[in-house]
Amino acid sequence: MTSTVAIDFETVIGLEVHVQLMTKSKMFCGCSTEYSGAEPNTHVCPVCMGMPGVLPVINERAIEYISMTGLALNCEIAGFSKFDRKNYPYPDLMKGYQISQYDLPICQNGWLDIQVPGEEPRRIGITRVHMEEDTARLLHRVDASTGEGYSLIDVNRSGTPLMEIVSEPDMRTPAEAREYLVRLRQILRYIGVSDANMEEGNFRCDANVSLRPFGADAFGTKVEVKNMNSFRAVHDALVFEQARQAEVLRSGGTIPQETRGWVDERSVTVSQRSKEEAHDYRYFPEPDLPPLRLSRDWVARVGAKLPELPAKRKERLLALGLSEDEAVTLTESRERAEYYDATHAALGDTPRAAKLAANWVLSEALRWSNVNAKDLDALPIGPGQLAELILMVEGKAITSQVAKDVFEAMAASGKGAQEIVDEQGLGAISGADELTGIVRRVIASNEKAVADYRAGKEASLKFLLGQVMRETKGRATPQVAQELIATELAE
Amino acid sequence: MSDLWRLTGHEAHEGLRRREFTAVELTESVLTRVLEVEPQVHAYITVTADVALEQAREADAKYASGTATPLAGIPVAVKDLIVTKGVRTTAGSRILENFVPPYDSHVYEQLRRAGAVMVGKANMDEFAMGSSTEHSAFGPTSNPWDISLVPGGSSGGSAAAVAAGEALVALGSDTGGSIRQPAAFCGVVGLDPTYGRVSRFGIVAFGSSLDQVGPIGRDVEDVAVMLDCIAGHDPRDATSNPEPKPDFRNYLARGIEGMRIGVPKEYFVEGMEPGVRARIDESLRILEQDLGCTVDRELSLPSTEHALAVYYIIAPSEASANLARYDGVKYGFSDRTGNSMWQNMEDTRQGGFGVEVKRRIMLGTYALSAGYYDAYYVKAQKVRTLINREFQAAFERYDLIVTPTAPTVAFPIGAKLDDPYAMYLNDIYTIPASVAGLPAISVPCGESEGLPVGVQFIGNFWQEGKLLQAAYAFETAVGWANRVAEVGGSG
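Residue numbers (my numbering), protein chains in the order written: chain A, 1 to 491; chain B, 1 to 491.
Excised from the complex, chain B in its bound form (with noise of 0.2 angstroms):
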């Protein structure tokens, strides 16, 4: 019984729904993991030992009166910009380290209505600005598979957690690639759901017409059980799609024989690693041979080379809005030993933000400054509108487009840190659904040196069901889901 961590969420709850053991021993079987590997791996800002239990006691009386839904007693790791009521939530940043949510976002009340169990608040880049998980005011998380290397980032907590067994499932949130590299970098399935899918009430906002929360797991159906949890309306975001939602569960076991599957042959010309690219080209030959499969690697996304130049003006001047709130006046960390209310406000954003936050606000507060506006901002707005038709156009032609999820392995900590550009270039494979708002999943597809190598599936808005389906088709073929990494510790 002590290496129920190792299960995956929906084995977990066939368990629970047995008997085999409780939520409580489940919850204290990850908490144990937690002790152990976490002095490593530090995969979260905050541990909630006690929220924890109490909800897993909760759970078992869900399962004893036989009313427990799958994510019942789950343990699940939350990234720390989802706001969660009582329990610290500080979007990794030094200016919310004491920052206790008054009300609780959407989709923790989604999990907690499901039953979940909340381990703790995971690790992240400072508001989500980041593809390492380095730029965290509570230092970085390392690499489950090695830890000298990064997890990838932003929510490079979250997938880490739940490779290193710290968490069955967890909750990202993506703007450019924050869940599907860093699940490509643990070897995780990681899925960005279609903007509107999932409610952001209650998600601290970087960039806000590209922010969305998803779902991490060890293998498919896991995702696509916390994707039923936490998509559908919710009246509190304007933003948020008020179709009624599918049951993504239901796309699983379809089978995928005769999906036309688009490859842009611009994403394979230089800055990918030859050990990625042969793992890109097995899969991709696993679609066409073993799952049937109609693959063109002909598909032609010519205005994407630009999506990182577009995400890059775009998210940052959403960002230099969106974190104006941050003054020091009335929650979170302030500087109060200057003379006048302006200074404190200047010392308190000084001291209280990190520098690539800095590096961000300053550069979106210039894209949006009069005489810059036009060049920038809705240039960049005009090249998103291009980058959606060519999207749009490719998906009357495919059912799905296939990528590399990130162009390299996991690599070590400190390794791109003062080159910031050589940092963004990471997301590049992962920015152009982000900047349409389209569904994207990444799913392990084999290792590279020994590392997890990830592949991206994107999907036309709306259909996670179809990307689902196919990853799970996919992962079956490759053979490579639900490993845990053992953190030298436990053998």
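Just chain A, same shape as in the assembly (with noise of 0.2 angstroms):
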């Protein structure tokens, strides 16, 4: 399907995001945010329930959010914003209209990075992020006894601050356009701003496509894409959109400008509303909230809050010699991020501890995140006590194999390495003495094996060796077991 796209049109996306921030007080009033699984209708209060002679305030820690976003979006922070009314009539919009940016966004022309596995990296524009209130929900019944029709609504989610993302036309892949949402997300969460989880709602995507002949300098007519609640759902929407578009073209239609929604179930877009239908909002600057200034100290004080993000990052493991598929994984979370150079930090600042770190933050710790569905920062053994394991490995006090035990030791019960090694004996056994014993009863009870290796089978070497770390439970330093096993044949 999208490769007999690919010979005619080039399609062109934008993406329009709103993110939930966590705020823990509402944008415009004191209600909690914390209304996740509450009972409906018991997270509000006059403000935000539209009642008469209510006014809003600003909440000062979501314009913090949206400053460090746009910070982490390499945006122009304004000095000078402010708020608009957006008017539209509809029951979920408890005041008839909703407060939002027109003119005067908080943050302008920024851009994010991107580079979708195997295709050359690409820089996509961020044209603003705004500030705005989110809706009540409506939930939508039917009466059993007559089957008549009926809605609820559900305040406890109006004036939660949303804040919305919008990206310049620049992606031209489904491909490109769920790169873009997985990095945005990613930064979204390193900076702590969201959950930015779609599924639940608290980060939205709607997107913007049309198609134009390769070459070609104009923009085709777009199409507003609406109602997708997972990246695949945004990836297959784009992906059929630009089918279904193309189609239209090569047989010589025109693309109205309208607005569809996706319709997971049936995997295709169908017609919302046409550019006619669509509203005049009429906005104008909200006269119950002052114009905001942000003033270049305090945003230096928000920009210092930033942590680093995921591509500096990146870099700098690449830096330390770590390969692509290992900085991509280690900084795939900050949590994650940070948990790998606390480990690094605590086995010292060397290539090689680099390395050790990686491979045990790659190996045991992120098979228990997988296991447990946590991210590392719930990980029961400290980054600290990971190095102590990792340090008694490279010091042979026990083996790699015993290591891996006491790892899942430690995580069970939240104890030191060494503590579980002096609790259940598991040190290394890698004196000849203590070993000699081990090997002979081995060599004298596996004579095949002995006759074979005697035969020239060197593997059977590597079978007794097995043998000998069997009866160890693992202790046994392999070398030395190694070399014990090859003396004593040898005489």
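In short, the hints are calculated from the structure, not lab data.
Since the model is a prediction, treat every value here as computed from it, not as a measurement.
Certain hints may be false.
[Claimed, not checked] Selected chain A positions facing chain B (Cβ under 7 angstroms, derived; list incomplete):
#, residue
1, G96
2, Y97
3, R352
[Unchecked claim] Capping the alpha-carbon separation at 20 angstroms, the derived lysine to any residue pairs in SDA-like fashion look like this:
#, chain 1, residue 1, chain 2, residue 2
4, B, K382, A, A444
5, A, K355, A, G382
6, B, K379, A, Y102
7, A, K82, B, K330
8, A, K396, A, T472
9, A, K374, A, A412
10, A, K226, A, T259
11, B, K330, A, N41
12, A, K312, A, D349
13, A, K275, B, S369
14, A, K86, B, D374
15, A, K82, B, K85
16, A, K457, A, Q482
17, B, K382, A, L104
18, B, K382, A, P285
19, A, K226, A, K82
20, A, K462, A, Q482
21, B, K382, A, V268
22, A, K457, A, T472
23, B, K85, A, C45
24, B, K330, A, V12
25, A, K355, A, K374
26, A, K86, B, K85
27, A, K82, B, D374
28, A, K226, A, A175
29, A, K24, A, K305
30, A, K355, A, E388
31, A, K374, A, P89
32, A, K86, A, D206
33, B, K379, A, P287
34, A, K415, A, A342
35, B, K330, A, K355
36, A, K82, B, Q381
37, A, K226, A, D325
38, B, K330, A, L138
Built from N, CA and C at the ideal position, the CB exists for glycine as well.
Build the complex from these two chains, which are given one at a time in their own frames, with help from the hints.
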């Protein structure tokens, strides 16, 4: 489907992402935003219910969060911005207008670098990031006895801080759009401003898609696609839409400007609203809120709160000698990256330490993370404790085979490596006097392997070593044991 | 003791303090007066006798314990767009006829803290849109001096209640003259504070960038006492001035010798009744000859002739958004006879809003619409800036500006109801200060054809103190203050 499209047309995609901010209270009132799972209409007050006479007051933390986002996306932070009223009637909009930002958003002119695996890196422009408020939630029901439809309103979500991130029409494939969303979500989570969970609705994406002949400068007529509730849905909807538009264009038709909705069950987009039916939002400056003035000092203080961002972290890890794959995986989340950094630091500032820490975090720690579906900040083994374990292996106090069991025991009990090794007697056996007896016993009870070895079959030595490891429950230092076997057999 | 309702607030406070009578006796006297004249005046939408008596008992306890402040036990009329918890608040509209707020406005909280007694919720033009109180869904209020005449508006109920002795003092709200013009028509003192001086939290919004709550009293001292109670910073209103407020009562007895008064010549050209003109000329003579001010009648404010047009674009634009929340879904009047949600919303608004409100919603919606926004709203804001600059230039040369409050005395009920433009013109002298956000006060200056005439003093931002100082000196010199209308009955 996609390959035929690529012959004639170039796809142009811009994304609008709405992100709920993780502030404790709502955008314009003191109500808690912790309403997930709460009874409907329990996290409400006259302000977020739009009662007569109420007034909004700006949540400073939300402004801090959106400024952090703007800085992380390389935007200019406006010293002077303002809020506007966006007018449209709908029962989920408690005041009959939404407080948003029209012509003077807080953040403008940024960019985000992305790279679809196996393709060239691309820089996607960020047009603007602005602040607004979320609506209430409508629940549509059918009366079981009459079959009549009705709707309920849950106002808990009303007034939750919502940030809208608008990209330039810089993406050319559905895969790029998905990669943009993945990287955007990663940054939002890194800087701690949002859970950015699409399935839970705190990260929502609308797409503008158009097609134009390859080489053309002018954009085609864009279609807005809504109702996509996962990264996969965004990708699939864009794949569908580029094929649909290409077919219309190739058969001589034109694309009307419209809003279409993605129907996940049927994997199609359907027309929702034409341009003629579009609202005139009658934006005008919000008279209840004075303009927002952010001083350079304030912006600098907010900027100082930003952690090292994923792209920069990745570069740093590459410079330590790690591979692209390792660096990408280790910087996937801020928790993981910080766990790695701390482990590395505890091992010492050497290339070998960087590699050792990477090996352990990518294997044992990530296995635990995947099994438990938790990030590494929840791992009961702290970075210092992991470093202690690694150093025991390095110092040959335990074997690497035993170390994996020790790791499991540490994760389960929260105890330190040395404590577990002492309790369970797991220290490495590397003394010849201690091992010689075991080696002789193994040789005595494995006549066939011994004969094979003497007949020139080198692999039999590995078999005998395996038997020694089994006898010692993995505690024998393999190099020492192997030398002893060879010596014994040579006699 | 039966005519305690004739006292001013500060006189009553002295009597209460000296234990000459109790707050309950005072309140009962006022409630008796209400019973007597309310059938003719109709100053109230809701009389809150039970609330008043309970608050009076609380006030008596304060006097007994020596903790009473000047407003303790003083009967107050509260305009019905001031939100009062548990007491129906209609804003003069059918669409809120059954709305009982779950919270208190800032100003009512302040009154309660001061121990004031709420006699009732005063009648008003629906959503404060009008200059005669005829546009109330609950029927018009009559002017206590002649019940065939209007009391002015929109705070006509508040002004009439004070003039008729149905309250000692009142709260009104002023958007383009809604305190000052009814104060002039009813022979009482009314102050529109600087925009931002009094919190708008809990004031049913009309024109958010213009609305301001202010006091009405039978003399200037009562108005100062009330302003001291309601003014000051409120963090729930982002447009409220964070600076500490001065003690306004301190300004009263300072005298005004040497004060520079500017009189805009543009205000004396046409439309002013000869009787009003004569009173204003006499007022200027008193200010100059008796009180030692310098009066310059050559002040020019050329842009103020556009203030009416500016006002009738900005206020309706803001109102068109402010009134969008009244859709019958959440509270208030709801017509549910239609066959769809949208039909019910339309029917609710069709039946719930009066003709003047619908007119202004349409004006505002039109002015904000795509293609008209720049020509109307943006242009109006620019002219608003020019008007501001003119006033600022004038205040470099003058302490205060003096004008008539209204071009006419009170007019007959029904006289201007069919001619909205003639009605709008009655606010021609009050609107410029509103558009600029300046404080202004109307003080009685005598009579024309047996009806009260008001003179308006306009001050620079935050100079309510100077306004009260001048108004107090003027009031003393004129000798018209503190008259109660007998309303036929009680002679």
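Does the alpha-carbon distance linking K82 (chain A) and D374 (chain B) stay inside the 20 angstroms limit? holds (18 angstroms)
Between K374 (chain A) and A412 (chain A), is the straight-line Cα distance small enough, at 20 angstroms or below? holds (14 angstroms)
Decide if the proposed pair is consistent with the structure: K382 (chain B) and V268 (chain A), CA atoms, cutoff 20 angstroms inclusive. violated (49 angstroms)
Is K379 (chain B) close enough to Y102 (chain A), meaning Cα to Cα at most 20 angstroms? holds (18 angstroms)
Within a Cα-Cα threshold of 20 angstroms, do K382 (chain B) and L104 (chain A) meet the stated pairing? holds (18 angstroms)
For K226 (chain A) and D325 (chain A), compute the direct alpha-carbon distance and say whether it is at most 20 angstroms. This hinted pair is violated, its Cα atoms lying about 34 angstroms apart.
Would the hint linking K330 (chain B) and K355 (chain A) be met if the CA-CA limit is 20 angstroms? Roughly 62 angstroms between the alpha carbons, so the hint for K330 (chain B) and K355 (chain A) is violated.
Would the pair K330 (chain B) and N41 (chain A) pass a check requiring their Cα atoms to be no farther apart than 20 angstroms? holds (12 angstroms)
20 angstroms Cα cutoff - pair K82 (chain A), K330 (chain B): violated (29 angstroms)
Take the C-alpha atoms of K82 (chain A) and K85 (chain B), compute the straight-line distance between them, and say whether it is at most 20 angstroms. Status violated; Cα separation ~32 angstroms.
With the threshold set at 20 angstroms, check whether the alpha-carbon distance from K382 (chain B) to P285 (chain A) stays at or below it. holds (14 angstroms)
Measure nothing beyond the straight line between the CA atoms of K457 (chain A) and Q482 (chain A); if it is 20 angstroms or shorter, mark the hint as holding. The hint holds at about 15 angstroms.
In this structure, the earlier hints numbered 3, 4, 7, 15, 19, 21, 22, 24, 25, 26, 31, 35, 37 are contradicted, and the remaining ones agree with it.
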